[in-house]
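Enquirer: So the chains spell out like this:
Protein chains: 2
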Amino acid sequence: MTALSVDCLNLWIVIGEIEKLNEDPRIHGLLLRLCRESYTSKILNAVKPEKDVNGITDFNLARLVHGDICECVVPPTARAVIKLLEKQACTTLDGKKILLLGVQGPLEVSLQCLLQRKGVMTMSLSWNMKQLQTMVNISSELQIAAQQSKEWNLSCLSLQPISPVPSDIEISRGQAPKPIHILAKEIGLLTEEIEIYGQTKAKVRLSLLERLKDQPDGKYVLVAGITPTPLGEGKSTVTIGLVQALTAHLKINSFACLRQPSQGPTFGVKGGAAGGGYSQVIPMEEFNLHLTGDIHAITAANNLLAAAIDARTLHENTQSDKALYNRLVPLVHGERKFSAIQLARMKRLGITKMDPKTLTADEINKFVRLDIDTSTITWQRVVDTNDRFLRKITIGQANTEKGFSRQTQFDIAVASEIMAILALTSSLSDMKERLGKIVIANNTKGQPVTAEDLGVTGALAVLMKDAIKPTLMQTLEGTPVFVHAGPFANIAHGNSSVLADKLALKLVGKEGFVVTEAGFGADIGMEKFFNIKCRASGLIPNVVVLVATVRALKMHGGGPNVIAGVPLKKEYTEENLKLVSDGCSNLLKQIQITQQFGVPVVLALNVFRTDSPAEINLVCEIAKQSGAFDAVPCRHWSEGGRGTMELAEAVRKAANQQNNFRYLYDLELPIVEKIRIIAQKIYGAQDIELSPAAQSQINCYTQQGFGNLPICMAKTHLSLSHMPEKKGVPTGFVLPISDVRASIGAGFIYPLVGTMTTMPGLPTRPCFYDIDLDPDTEQVKGLF
Amino acid sequence: MTALSVDCLNLWIVIGEIEKLNEDPRIHGLLLRLCRESYTSKILNAVKPEKDVNGITDFNLARLVHGDICECVVPPTARAVIKLLEKQACTTLDGKKILLLGVQGPLEVSLQCLLQRKGVMTMSLSWNMKQLQTMVNISSELQIAAQQSKEWNLSCLSLQPISPVPSDIEISRGQAPKPIHILAKEIGLLTEEIEIYGQTKAKVRLSLLERLKDQPDGKYVLVAGITPTPLGEGKSTVTIGLVQALTAHLKINSFACLRQPSQGPTFGVKGGAAGGGYSQVIPMEEFNLHLTGDIHAITAANNLLAAAIDARTLHENTQSDKALYNRLVPLVHGERKFSAIQLARMKRLGITKMDPKTLTADEINKFVRLDIDTSTITWQRVVDTNDRFLRKITIGQANTEKGFSRQTQFDIAVASEIMAILALTSSLSDMKERLGKIVIANNTKGQPVTAEDLGVTGALAVLMKDAIKPTLMQTLEGTPVFVHAGPFANIAHGNSSVLADKLALKLVGKEGFVVTEAGFGADIGMEKFFNIKCRASGLIPNVVVLVATVRALKMHGGGPNVIAGVPLKKEYTEENLKLVSDGCSNLLKQIQITQQFGVPVVLALNVFRTDSPAEINLVCEIAKQSGAFDAVPCRHWSEGGRGTMELAEAVRKAANQQNNFRYLYDLELPIVEKIRIIAQKIYGAQDIELSPAAQSQINCYTQQGFGNLPICMAKTHLSLSHMPEKKGVPTGFVLPISDVRASIGAGFIYPLVGTMTTMPGLPTRPCFYDIDLDPDTEQVKGLF
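Line by line, the protein sequences give chains R and V. Take the first sequence: its position 216, counted from the start at 1, is 216 in full-length UniProt numbering, and no numbers get skipped. Take the second sequence: its position 761, counted from the start at 1, is 761 in full-length UniProt numbering, and no numbers get skipped.
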């Protein structure tokens with residue numbers, strides 16, 4: 001009959017105590033009024049529904065989050081709490097014993113009196129006060145919850161760009177990032193929603209999606225490009241420059257969602273991918289190296305599945321049905337039992353028995369033999385290293401593998417289907433389902449064999465449980481960035497994750513912007529963004545920013561070859577309006593491609609020092625005449641967000657345009673039809689031509705029930721056609737489909753247009769020659 | 001002429017401001033009195049020496065850390081600060097302008113007056129108060145610094161063991177761990193010294209070693225074992241139980257230093273390695289999975305080096321000297337320049353020219369050609385997966401590799417020499433040096449080719465820059481644990497890291513204990529601990545705890561075979577004093593082995609439910625008669641720390657015994673002699689017998705200048721001899737050395753006694769069948 005309040009509670013102690021209280025028959029209900037660190041959905045969810053008196057805690061949290069009762073409970077008063085109790089639970093309160101855990105003070109006394117008048121008995125509970133560590137008042141948490149949809153109160157980092165622009169790593173190192181937990185608080189993340197990884201990175205938990213599920217989404221902006229030169233035209237820098245302009249200069253909440261780069265190219269040819277100049281994610285070395293280990297987790301999961309395939313094949317080849325069965329369903333303490341994943345397989349096989357002793361010889365045979373046809377194995381091993389000697393290898397040559405060797409290959413880790421799954425998944429349970437559905441080969445009867453059949457789904461999900469959480473970092477100007485997933489842009493869809501975009505759209509609020517990027521030109525990355533990623537997410541983009549450079553346009557207009565590592569010819573460094581104007585054919589085509597999806601397009605001309613004012617004006621004029629909503633020059637590389645303010649304004653206006661978003665094709669069309677639509681409507685091909693292998697694969701996938709998946713074309717990004725040397729807008733060509741493969745877990749069919757290398761190599765002089773670590777300062781040198 | 005104090009400062013802002021002040025000619029000196037989050041050596045180091053008035057800040061920090069002026073500055077008073085100033089800097093203070101940054105309050109006023117009387121002008125500085133975020137008073141930091149060598153004020157987690165003992169994962173999940181930053185504070189780590197990875201793991205920075213360099217080390221305890229059964233005899237659980245007893249029950253500061261387990265066995269056969277029962281590291285799934293990514297970093301570094309070897313060989317085989325040179329030293333902005341790592345190689349080649357244009361054809365040839373003899377390549381690729389099909393493979397079979405295929409293998413990641421380096425290194429610069437010294441093959445002239453020759457040292461160091469920091473976790477009872485490195489225990493030394501031990505020895509303080517574990521029996525892990533790890537660290541162990549079980553002793557006494565996965569025969573579950581007493585021969589021998597190193601030994605008998613009191617007494621009596629300092633039964637598995645208190649008391653007493661530690665052999669002896677000493681004095685062999693291959697390798701290593709390295713024997717752990725089936729104390733055998741290899745970066749020669757598998761396989765029913773993730777609770781199931 002005495003009330004007890006507790007000054008401050010610690011999450012881990014509270015949850016433990018609540019779990020005890022859940023089982024305590026003397027307590028009828030709990031009303032939680034906790035300190036900031038503890039007032040979290042994790043704790044509230046720990047309360048058993050029947051102990052949560054008529055949903056009072058839910059009610060509290062929901063209301064507090066939406067802010068509509070904040071005026072009466074900040075600071076909380078006994079009267080306000082009682083009002084809530086009366087409103088929600090008066091009919092059931094009488095005679096109940098309710099435990100109050102909350103902020104101590106005068107509140108407690110009056111609350112106790114009032115509750116007793118309502119017929120509620122309050123009970124005491126002994127807490128170990130010494131263990132209680134966190135000390136912040138509930139009101140701070142309420143403030144965070146209430147500000148969710150408002151303009152962030154962000155302390156941006158100021159930039160003083162210098163000229164000439166220093167190296168990327170020098171600029172990155174010159175700016176001290178905000179501690180990441182401060183940025184997280186500034187954008188409305190609760191303490192329990194982040195997992196800090198050092199000072200500059202944090203993973204964000206998916207529980208945020210549940211907390212903000214009723215919050216409206218912000219505007220969704222895709223950055224795509226024209227057909228690029230081999231040097232790239234700056235989509236990443238535009239993406240970062242744009243959010244720097246929006247948030248640091250125009251004070252509009254915005255988020256950039258980027259792909260995690262592979263470590264292979266970082267040490268090989270390309271260098272880092274954190275943006276460049278004064279538009280970067282910092283610290284760039286953290287971005288470019290292990291980050292929070294997602295790619296390593298993918299590698300581990302991918303290779304566990306690969307090892308399971310070959311080991312299983314070996315065991316099936318060397319053991320009788322009975323021996324296999326005795327090992328697969330072993331005697332433990334004198335009893336045989338199926339594991340959960342084995343019962344699921346039995347169900348798929350149509351065997352409904354639960355007792356391992358009762359299976360017939362035929363059922364045992366069906367159960368123990370996957371009968372993988374090793375010539376059909378499509379699952380490859382991966383490493384996140386440019387290792388050309390692994391492009392084709394023979395495995396299983398040790399005596400212990402008894403002659404069952406076979407030829408296979410390693411891919412670069414980001415080409416793993418598991419990376420594509422990570423980018424498209426919507427939740428932990430969806431990811432687990434997709435992992436189980438991965439088809440690794442056919443069996444000797446031509447039926448698909450999955451990861452689930454190998455019994456490895458759960459282990460793959462366990463390996464990926466942290467990778468599913470996006471990583472929060474910041475731009476050079478202190479604005480937030482999500483880095484999450486980075487699937488290959490040819491054999492996969494080349495877009496960052498659906499989950500990062502969804503989290504960011506909630507965090508920026510209705511008036512905010514989320515800017516994400518699609519790999520390669522609009523014909524490749526954007527087409528896949530719309531037809532694959534948007535289909536998976538259900539999100540509708542508001543604006544497409546199309547990035548072009550005078551350099552690339554001159555190339556399309558007939559300028560000389562652009563080759564990485566070779567100095568540019570003078571056509572590219574001197575004014576040449578003819579080449580620019582001719583090359584705008586590619587720009588026009590890419591604008592038209594975008595318009596087929598019904599989304600307004602803004603041209604962002606990434607300006608180089610050598611571009612003349614006349615060239616810049618010409619491109620912008622042509623773009624506007626070609627149907628772009630607006631066209632603006634951008635100087636983010638040399639100026640940061642300040643150099644992209646015009647683009648930010650144009651994007652803001654475009655986002656208020658009417659949106660007629662539509663997919664390009666109906667999923668129910670036959671695979672061949674879907675391929676033809678993309679070839680003709682996007683690439684401008686006259687038709688497609690299937691090789692016999694491609695046709696046979698299409699038949700197989702259709703027959704296996706995978707015909708209604710979207711299409712992920714594996715085509716060169718250096719031309720709208722399949723011929724990299726054809727610049728501008730090639731016409732009249734027939735697109736050859738050499739083969740067709742499937743990523744069933746990720747959920748797409750990928751036709752191969754020519755050969756695609758899935759393992760880069762190291763050149764004679766790899767980047768690593770210049771990369772070094774100063775052991776005294778711990779600073780990384782030579783990344784760019 | 002006005003003084004300014006600042007309420008609270010934020011590290012990144014403070015450093016930025018200090019850097020400005022360093023350049024400000026109007027300020028002659030800085031005296032820092034900062035809030036807790038900011039009062040760090042990082043900040044203090046940011047102050048230019050000439051601005052640091054006569055070392056006042058250094059003086060402050062040094063004194064505060066050692067606690068000898070704490071009585072006058074906790075809480076800080078103006079008089080105390082002035083006393084310091086007078087004592088340290090009075091001769092130079094007159095006429096100086098000094099900026100005071102510190103905690104606001106009455107102190108400031110009196111300090112200002114006093115300073116002015118001393119002729120010091122104080123100046124004001126405008127801080128952006130809005131950005132200041134961290135709010136804890138200086139006195140907390142002082143308290144942390146002062147308590148360093150005292151007993152920790154640890155909030156231990158209480159255990160309520162139940163019987164029968166539930167599964168490891170159930171016990172682990174039943175205990176909510178303390179947030180890791182709280183544990184870090186409790187043991188005296190400063191905020192700037194940890195990098196949080198989620199709620200339960202943190203990396204600890206090596207700067208701690210510098211801060212506590214004058215602090216005396218605690219006592220150093222090694223847990224080793226008798227020759228084990230294939231089931232293992234519980235060294236990890238004893239290690240964890242012992243620190244639980246010391247810290248949670250006897251209130252003595254202690255640390256466990258453990259190896260990070262490979263993920264391969266976690267999903268394969270063995271399961272996790274976080275201890276077991278009520279002696280575990282929690283959360284055990286975090287311990288057993290990615291942890292903080294160290295093994296992934298090793299994999300990445302190992303495989304980058306491997307890729308570099310084959311790519312370089314290909315490029316040398318397919319290009320002229322001139323083409324290679326033009327690519328290796330490319331024209332950038334019209335100029336060729338050597339990179340730092342290339343200049344270092346030139347120096348090794350005896351070429352002193354700096355200008356790439358001046359090299360002769362012969363010098364160019366020497367410079368561009370490593371001439372790797374591919375038949376001598378000893379560097380293998382690695383994965384952290386049990387993938388038996390990678391035990392022997394052929395690589396380079398794609399057309400792009402132009403026929404330069406070769407046979408090679410993958411090892412499990414923890415068998416990488418880089419793992420052995422991580423465990424033995426003493427600093428970032430030492431690690432970088434060791435990475436550069438890795439010998440990957442001989443050239444065609446028989447000279448060693450190193451990672452440094454390939455130009456990849458810096459990149460390897462960059463990949464390993466975070467892995468070098470040990471990971472802090474906790475036991476089931478909330479006491480601290482370091483997890484760091486986990487090299488293979490046969491081809492490498494099988495011990496956790498030198499750095500973790502060193503950090504822990506400082507943190508526990510003079511009266512505290514650090515308990516670490518050596519893989520396999522004392523003949524293997526302990527011998528390597530003493531002769532390799534202690535040589536690398538210079539540390540001297542105080543006590544050896546030798547773990548035995550009645551089960552293993554019965555096996556040595558002639559009991560039936562013990563096989564993993566097969567139920568134990570009745571000899572092992574029923575009392576059998578004869579078998580026990582006969583088997584104690586192995587125990588006696590392992591005690592004698594330990595005594596050769598001059599360190600007191602305590603026998604820990606890991607008690608099983610089926611052991612009879614008579615059996616337990618018998619073992620303890622024999623151990624004491626055999627020279628053990630003490631011998632005690634341990635019940636940590638079923639009782640946690642409470643079950644190991646007797647052991648803790650025995651260890652405490654043994655640590656005060658006189659220590660006559662000595663190495664087993666002199667490094668300057670010939671390789672063959674060192675091998676013979678180990679074989680005879682440790683294993684009890686009559687002699688050794690070298691194969692011709694082994695003899696030729698020894699000659700080669702000796703000739704290459706590697707003859708004075710310690711020896712790391714690769715021998716079965718299941719017998720004192722090379723024959724796993726020979727239990728007890730085999731005698732009269734000749735130890736065959738089939739081959740000899742070298743890990744030059746790690747710093748040891750490893751003779752192979754028979755064949756060693758460096759890649760485990762997956763059995764018919766791998767552990768992963770039972771591993772699953774609950775998508776709703778995010779809980780891992782089925783780990784054990």
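Because the hints were derived from the structure by calculation, they are not lab data. Mixed in with the good hints, there may be bad ones.
A pair counts as met if it fits within one copy or between any two copies, since identical chains are not told apart.
[What the hints assert, rightly or not] In the BS3-like style, the derived pairs of lysine-lysine whose C-alpha atoms are separated by at most 30 angstroms in a straight line are:
no., residue 1, residue 2
1, 357, 510
2, 357, 570
3, 402, 392
4, 150, 624
5, 150, 347
6, 726, 402
7, 781, 213
Enquirer: Which of the listed hints are broken here?
Expert: 1, 4, 5
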